[in-house]
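The whole structure should be built from the sequences, with the hints applied where relevant.
Number of protein chains: 2
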Amino acid sequence: MSTTTSARLNPLVARLAPPPVPAVQAWARGYDGARGALMDLSQAVPGYPPHPDLLAWLAEAAGSVAYAGYGPIEGEPALREAYAGHVAALYGGAVAAGNIHVTAGCNQAFFAAVMALARAGDAVLMTNPCYFNHETTLAMLGIETRYVDCAGENGFLPEPTAIADKLDGVKALALVSPNNPTGAVYRPDLIKQICDLCAARGVWLILDETYRDFLAPGAGAPHGLLAEAGWEKTLIQLYSFSKSFCIPGHRVGAVTASEAVIAEIAKVMDNLQICAPRAPQAAIARGLPALADWRAANRAEIGRRAEALRKTMAGIDGWALEAVGAYFGFVRHPFAGQSSQAVAEKLARERGVLTIPGEYFGTRLERYLRFAFANADADALRGLKERLAGFSM
Amino acid sequence: MSTTTSARLNPLVARLAPPPVPAVQAWARGYDGARGALMDLSQAVPGYPPHPDLLAWLAEAAGSVAYAGYGPIEGEPALREAYAGHVAALYGGAVAAGNIHVTAGCNQAFFAAVMALARAGDAVLMTNPCYFNHETTLAMLGIETRYVDCAGENGFLPEPTAIADKLDGVKALALVSPNNPTGAVYRPDLIKQICDLCAARGVWLILDETYRDFLAPGAGAPHGLLAEAGWEKTLIQLYSFSKSFCIPGHRVGAVTASEAVIAEIAKVMDNLQICAPRAPQAAIARGLPALADWRAANRAEIGRRAEALRKTMAGIDGWALEAVGAYFGFVRHPFAGQSSQAVAEKLARERGVLTIPGEYFGTRLERYLRFAFANADADALRGLKERLAGFSM
Chain F
1 MSTTTSARLN
11 PLVARLAPPP
21 VPAVQAWARG
31 YDGARGALMD
41 LSQAVPGYPP
51 HPDLLAWLAE
61 AAGSVAYAGY
71 GPIEGEPALR
81 EAYAGHVAAL
91 YGGAVAAGNI
101 HVTAGCNQAF
111 FAAVMALARA
121 GDAVLMTNPC
131 YFNHETTLAM
141 LGIETRYVDC
151 AGENGFLPEP
161 TAIADKLDGV
171 KALALVSPNN
181 PTGAVYRPDL
191 IKQICDLCAA
201 RGVWLILDET
211 YRDFLAPGAG
221 APHGLLAEAG
231 WEKTLIQLYS
241 FSKSFCIPGH
251 RVGAVTASEA
261 VIAEIAKVMD
271 NLQICAPRAP
281 QAAIARGLPA
291 LADWRAANRA
301 EIGRRAEALR
311 KTMAGIDGWA
321 LEAVGAYFGF
331 VRHPFAGQSS
341 QAVAEKLARE
351 RGVLTIPGEY
361 FGTRLERYLR
371 FAFANADADA
381 LRGLKERLAG
391 FSM
Chain E
1 MSTTTSARLN
11 PLVARLAPPP
21 VPAVQAWARG
31 YDGARGALMD
41 LSQAVPGYPP
51 HPDLLAWLAE
61 AAGSVAYAGY
71 GPIEGEPALR
81 EAYAGHVAAL
91 YGGAVAAGNI
101 HVTAGCNQAF
111 FAAVMALARA
121 GDAVLMTNPC
131 YFNHETTLAM
141 LGIETRYVDC
151 AGENGFLPEP
161 TAIADKLDGV
171 KALALVSPNN
181 PTGAVYRPDL
191 IKQICDLCAA
201 RGVWLILDET
211 YRDFLAPGAG
221 APHGLLAEAG
231 WEKTLIQLYS
241 FSKSFCIPGH
251 RVGAVTASEA
261 VIAEIAKVMD
271 NLQICAPRAP
281 QAAIARGLPA
291 LADWRAANRA
301 EIGRRAEALR
311 KTMAGIDGWA
321 LEAVGAYFGF
331 VRHPFAGQSS
341 QAVAEKLARE
351 RGVLTIPGEY
361 FGTRLERYLR
371 FAFANADADA
381 LRGLKERLAG
391 FSM
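Line order of the protein sequences matches chains F and E.
Going by my numbering, the first sequence opens with residue 1, and the numbers climb by one from there.
Going by my numbering, the second sequence opens with residue 1, and the numbers climb by one from there.
Do not rely on the hints blindly, as some may be mistaken.
Each computed SDA-like pair below joins lysine to any residue, with the alpha-carbon atoms no more than 20 Å apart [unchecked claim]:
| hint | chain 1 | residue 1 | chain 2 | residue 2 |
| --- | --- | --- | --- | --- |
| 1 | F | K233 | E | A216 |
| 2 | F | K233 | E | A7 |
| 3 | F | K233 | E | P11 |
| 4 | E | K233 | F | A14 |
| 5 | E | K311 | E | A216 |
Far from chain E, some chain F residues (derived; all Cβ distances over 10 Å) [said to hold, decoys possible]:
| hint | residue |
| --- | --- |
| 6 | R29 |
| 7 | L58 |
| 8 | G69 |
| 9 | D122 |
| 10 | T145 |
| 11 | D168 |
| 12 | R187 |
| 13 | E264 |
| 14 | C275 |
| 15 | R286 |
| 16 | L288 |
| 17 | A336 |
| 18 | G383 |
Beta-carbon label-pair distances, calculated as ranges [what the hints assert, rightly or not]:
| hint | chain 1 | residue 1 | chain 2 | residue 2 | range |
| --- | --- | --- | --- | --- | --- |
| 19 | E | R146 | F | A37 | 22 to 30 Å |
| 20 | F | A164 | E | E350 | 54 to 62 Å |
| 21 | F | P289 | E | R349 | 35 to 43 Å |
| 22 | E | G30 | F | P289 | 55 to 63 Å |
| 23 | E | A151 | F | G121 | 35 to 43 Å |
| 24 | E | R29 | F | E81 | 41 to 49 Å |
| 25 | F | A151 | E | A227 | 55 to 63 Å |
| 26 | E | E350 | F | P72 | 24 to 32 Å |
| 27 | F | A123 | E | G98 | 56 to 64 Å |
| 28 | F | A164 | E | P72 | 38 to 46 Å |
| 29 | E | D317 | F | A123 | 53 to 61 Å |
| 30 | F | E259 | E | A96 | 57 to 65 Å |
Honestly, the hints are just simulated from the structure, not real lab data.
The beta-carbon is built from N, C-alpha and C at its ideal position, and this holds for glycine as well.
In structure tokens:
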């Protein structure tokens with residue numbers, strides 16, 4: 001890039017590193033296969049295919065003239081209805097189609113929600129560690145990010161008192177539960193405490209629940225916020241259909257919020273996208289009720305994978321699984337003084353285990369790696385013991 | 001909305017009107033059908049279906065496990081290759097896959113390109129009239145918009161001297177040709193003159209060519225910029241597959257730019273969307289070469305519709321088609337002193353002719369209506385004579 005070109009770019013974007021997942025995936029090309037097939041624990045994708053019925057419905061809708069034209073900005077009425085019903089049943093709350101905005105994935109849900117609330121110069125509070133795309137979204141919009149530290153000793157959960165100390169002058173608090181990158185699951189009472197703090201201070205709570213369908217089987221509702229009157233004055237809930245239905249390539253997510261906030265998000269979405277892709281919306285509207293058992297079985301399978309990861313890591317000297325939940329384990333490596341990037345890169349090249357360095361998710365995280373374990377089955381995860389044995393920096 | 005909620009929203013978004021197309025479409029619900037079926041000339045959509053082969057390819061890709069997962073941020077390699085080849089052939093230029101970024105439609109292409117170049121407080125130069133979503137995109141990002149007036153007497157083309165006077169301190173000039181809303185087609189020599197001005201002043205030229213496939217049959221390349229060495233230092237070209245392939249519901253567009261700019265756009269797109277929906281990308285990669293004849297036939301059909309509109313409007317007293325091209329005619333109504341919104345609304349309710357008021361596209365445009373005539377066939381367009389006869393305010 002000539003200095004002439006670079007000087008004419010938006011510095012808020014230019015100073016950001018390239019997207020991390022492709023950069024990390026490039027390391028895997030240096031792996032020679034000596035330890036067996038590559039274990040890709042980098043991107044948060046499920047390691048099993050979508051249900052064949054869903055593929056058939058996707059094909060049916062995509063091949064239909066009915067979904068070739070523009071659709072409503074806020075989403076297909078059938079999906080808004082079906083998803084509102086699903087949310088209302090899961091949380092026991094009063095949620096209607098008018099509270100739903102369909103987006104092209106959950107990154108877009110976050111982007112649009114943030115734009116509806118905050119402009120350049122405003123501040124948003126997040127956790128450290130945090131999901132890197134939330135951080136870069138705010139950075140490129142010129143929105144100041146502030147952080148609440150979540151310590152490993154506390155299971156990477158935020159302390160409500162620490163949050164209370166930082167709510168002054170912020171437009172929103174952005175949380176992810178089950179958490180990306182740590183896997184930490186925020187308890188319903190903790191979420192309620194935090195939401196009450198936000199409500200009292202007039203701060204929006206943006207709660208990204210992309211991974212909620214992979215809470216431990218038998219867990220109840222992730223929280224009770226939507227069952228309380230007035231939830232919509234504080235809460236903006238984000239969700240992704242990509243993980244539950246194994247269709248990230250089709251790009252469908254959703255926002256649940258007050259009708260007033262949905263109207264603002266619609267203005268943003270009209271500019272970002274006009275409407276989310278329609279055919280997958282039609283397919284998901286059918287799949288939401290019809291594939292509930294299949295999703296429950298996957299939830300149990302991801303639970304088995306989490307358990308396999310837990311047991312395996314407990315038997316590897318020097319390595320510690322400090323948090324685990326939904327799709328992710330947050331792993332402390334044994335190499336003090338080494339950067340997590342150096343460890344992750346060597347692990348990828350020499351042992352064929354692809355993970356994301358902790359430092360990509362915030363500060364003082366050099367000792368951590370994120371294992372997106374959902375992408376590997378329990379057998380493969382048990383093989384980590386052999387992969388990590390004798391690994392040194 | 002409680003004042004509490006509205007005070008906590010982003011004022012840059014809150015002060016924008018709701019998206020115009022749905023608002024205009026609501027007027028049609030007041031039409032009683034007395035003059036025949038509703039003529040929807042509001043949204044820029046083609047009034048014929050996609051090719052059956054394309055529908056089959058869309059279905060095939062959407063139903064395939066291969067496209068269910070995440071894809072490359074920049075787009076499917078097959079589509080980037082196919083589209084780069086298409087652009088290189090059309091413009092006689094050196095354009096490779098690395099110069100292409102696939103987006104979820106052309107609104108997103110504009111949004112991502114602008115974010116790659118400009119931050120809140122920067123300025124972008126546009127035309128008056130302009131495409132409203134370009135204006136609202138800039139407004140919600142806090143980017144200052146400046147305007148070059150395009151007069152009806154000049155066929156709504158911008159004057160290079162007027163542009164030269166306004167290039168100081170702007171990051172980019174955004175143009176649309178063939179134009180939305182006016183239909184004005186910028187001649188290759190005018191585009192070159194403007195691009196040279198931008199190059200000399202270090203200003204990016206964002207050229208939205210969403211409607212280029214509907215230039216009059218037999219017209220050559222829309223311009224020669226891509227055939228010139230160094231085009232990528234100034235030009236960022238935007239395109240949409242929605243119109244040519246009649247699939248706006250599938251959301252696929254593209255940016256053509258330097259590799260350095262593509263890398264910046266990829267950072268934005270990773271946050272906006274991760275990747276454009278994959279299945280339609282795969283289908284379009286097949287359709288680009290295979291459906292060239294079908295697209296040429298549609299181009300001829302749209303040309304016939306333009307001709308029908310031209311002839312019909314010439315025979316209606318007091319109404320004047322001041323510009324026409326590609327999808328749009330910009331029509332001067334006879335009612336001095338009336339707002340274009342009042343005229344458009346009454347025309348929709350009483351005569352079942354749905355158009356977009358000129359004032360939605362800029363200032364001093366109260367005398368105009370945009371007719372997106374591509375949505376009606378030549379017979380229906382000839383019927384405008386009867387629909388407009390005797391219409392009064």
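Hints, one by one, checked against the model:
no.	hint	result
1	K233/F - A216/E	53 Å, violated
2	K233/F - A7/E	12 Å, holds
3	K233/F - P11/E	17 Å, holds
4	K233/E - A14/F	16 Å, holds
5	K311/E - A216/E	16 Å, holds
6	R29	14 Å, holds
7	L58	4 Å, violated
8	G69	5 Å, violated
9	D122	8 Å, violated
10	T145	13 Å, holds
11	D168	14 Å, holds
12	R187	27 Å, holds
13	E264	5 Å, violated
14	C275	7 Å, violated
15	R286	14 Å, holds
16	L288	17 Å, holds
17	A336	32 Å, holds
18	G383	22 Å, holds
19	R146/E - A37/F: 22 to 30 Å	56 Å, violated
20	A164/F - E350/E: 54 to 62 Å	59 Å, holds
21	P289/F - R349/E: 35 to 43 Å	40 Å, holds
22	G30/E - P289/F: 55 to 63 Å	36 Å, violated
23	A151/E - G121/F: 35 to 43 Å	38 Å, holds
24	R29/E - E81/F: 41 to 49 Å	21 Å, violated
25	A151/F - A227/E: 55 to 63 Å	59 Å, holds
26	E350/E - P72/F: 24 to 32 Å	26 Å, holds
27	A123/F - G98/E: 56 to 64 Å	37 Å, violated
28	A164/F - P72/E: 38 to 46 Å	43 Å, holds
29	D317/E - A123/F: 53 to 61 Å	60 Å, holds
30	E259/F - A96/E: 57 to 65 Å	47 Å, violated
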